[in-house]
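Enquirer: Chains C and H are the protein sequences, given in the same order.
For the first sequence, numbering that gives the first Met the number 0 gives the first residue as 0, with consecutive numbering after it.
For the second sequence, numbering that gives the first Met the number 0 gives the first residue as 0, with consecutive numbering after it.
Incorrect hints may have been included.
Taking CB as the label site, the calculated pair distances span [said to hold, decoys possible]: (1) A6(H) x R206(C): 44 to 54 Å; (2) K195(C) x P140(H): 27 to 37 Å; (3) T90(H) x F70(C): 28 to 38 Å; (4) F215(C) x R176(H): 38 to 48 Å; (5) K195(C) x K159(H): 49 to 59 Å.
Hints are computed from structural coordinates only; laboratory data are not their basis.
Treat the numbers as computed from the prediction; the structure is a model and nothing was measured.
Backbone N, C-alpha and C fix where the C-beta goes; we use that ideal spot for every residue, glycine too.
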Amino acid sequence: MKANLFILLLISLAIHGNAQIFHTKPKYIQLKVDLLDILDSYPRIGIGYEIKYSKISLWQSIHYGWDGISFDQNSRYFENEFTYWGIKTGLKRNIFDLDGEFFIGVQLAFDHTKAAMSDDVYYDLNGKSALLYDKADYLRDRVGLMVENGYEYFIGNRFSVEIGYGFGVRRIQNYYKNIENPFSLKDVEPVEIRNKTLYKYVGTLWRPAAIASIKFGYSFSSRIHE
Amino acid sequence: MRLKPRATFLFFLTLLFAIGIPSCGEDYVVFRDIKNVYILDREAGLYLGTPASTSSDSIALQIEIEFAQFSYNHNSIPGMMSEAWATSPSTPMLANEITDIRIFCDHAIYGIPPGENMAAVLNFGLDYYQATLHDFLQMLPRKGEYTYGIPPMEVYFNSKPDPGTYTFKVEIEDNNRHVFISSFPALEWL
């Protein structure tokens with residue numbers, strides 16, 4: 000009995016799956032809004048587009064954040080103002096399912112952050128020194144290469160919700176400008192490089208990174224043939 | 000030997016506290032500036048204001064150093080008791096050290112012309128003993144040592160100079176060539 004039910008389920012899946020593939024347009028474009036990063040240390044919102052072909056997708060998005068959209072009033076990453084902008088691009092391999100599609104892919108990301116800091120310190124990893132300051136502008140450039148996977152759940156013919164996660168590596172370059180009342184200390188190195196306070200380390204860092212995203216999608220045209 | 004449940008509980012509780020909970024504290028401490036220079040009448044045991052007036056034979060300048068700690072190491076698990084238990088933060092490491100102390104006066108004193116460094120003819124100490132500048136500098140904590148700072152340093156004037164008003168300036172230099180300059184305490188010797 001159980002075996003029969005299982006076979007029936009497989010047939011049902013095959014029919015619906017084929018139906019989905021059969022009816023989906025070979026190419027359509029989605030608008031996507033990424034909202035999960037609003038919970039990040041430097042909160043931001045992403046908006047982009049995705050061109051979907053039958054099996055693969057190409058996507059791009061731009062991301063912008065500022066202190067005004069932060070929920071965390073006690074963030075250890077910034078005390079005053081900050082701005083963040085970034086761009087991401089990626090390629091996905093889509094595997095259709097009954098209600099949506101699984102995907103695996105790669106993404107390349109670049110972002111730039113500028114944050115006003117006060118009464119803190121940074122370590123120059125190359126010069127092996129530390130510098131205390133009253134005020135300074137912290138600047139960060141990051142390039143990341145990630146592999147990701149996830150699932151995009153379709154709601155009707157136009158809307159979708161995509162949940163994804165991934166891992167990769169980031170090259171982080173930290174530097175400071177407009178330093179007020181600097182107090183330099185030679186031959187002082189960080190006791191350890193702590194992930195929670197990466198802004199304190201001036202120089203280039205390579206770090207493993209994890210990403211997650213929740214994207215809301217809208218298709219400009221019906222994604223399946225009427 | 001069979002351990003009783005209560006003893007076992009107390010044993011593991013003791014072990015937990017003995018091992019310790021990740022605490023929070025600062026990595027480094029630095030000499031950052033001169034916070035204050037007070038004039039101390041050592042005969043009367045009184046702090047004098049500035050400008051001060053005294054006939055005492057034994058005067059000291061008491062130098063209070065401003066320290067700064069940095070790189071807060073916050074090791075805690077949100078929602079746990081680690082912060083409450085973190086009663087013993089690690090002692091910070093000194094990131095600089097004092098290499099010279101210079102004392103200047105606007106009048107000739109002890110045979111030193113006005114405006115020249117007179118540290119060589121004075122004694123220095125931390126309340127309970129006196130030493131030459133060289134020996135005193137050797138006694139101060141060095142870069143890399145673990146400390147929270149030092150008590151106020153004292154510069155001793157062990158004999159009364161000619162009557163008059165003397166204005167002092169204190170300069171302290173660290174190993175990074177930062178020079179900390181004090182305010183200018185004035186003393187009228189009667």
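Enquirer: If any of the earlier hints don't hold here, list their numbers in rising order.
Expert: 4
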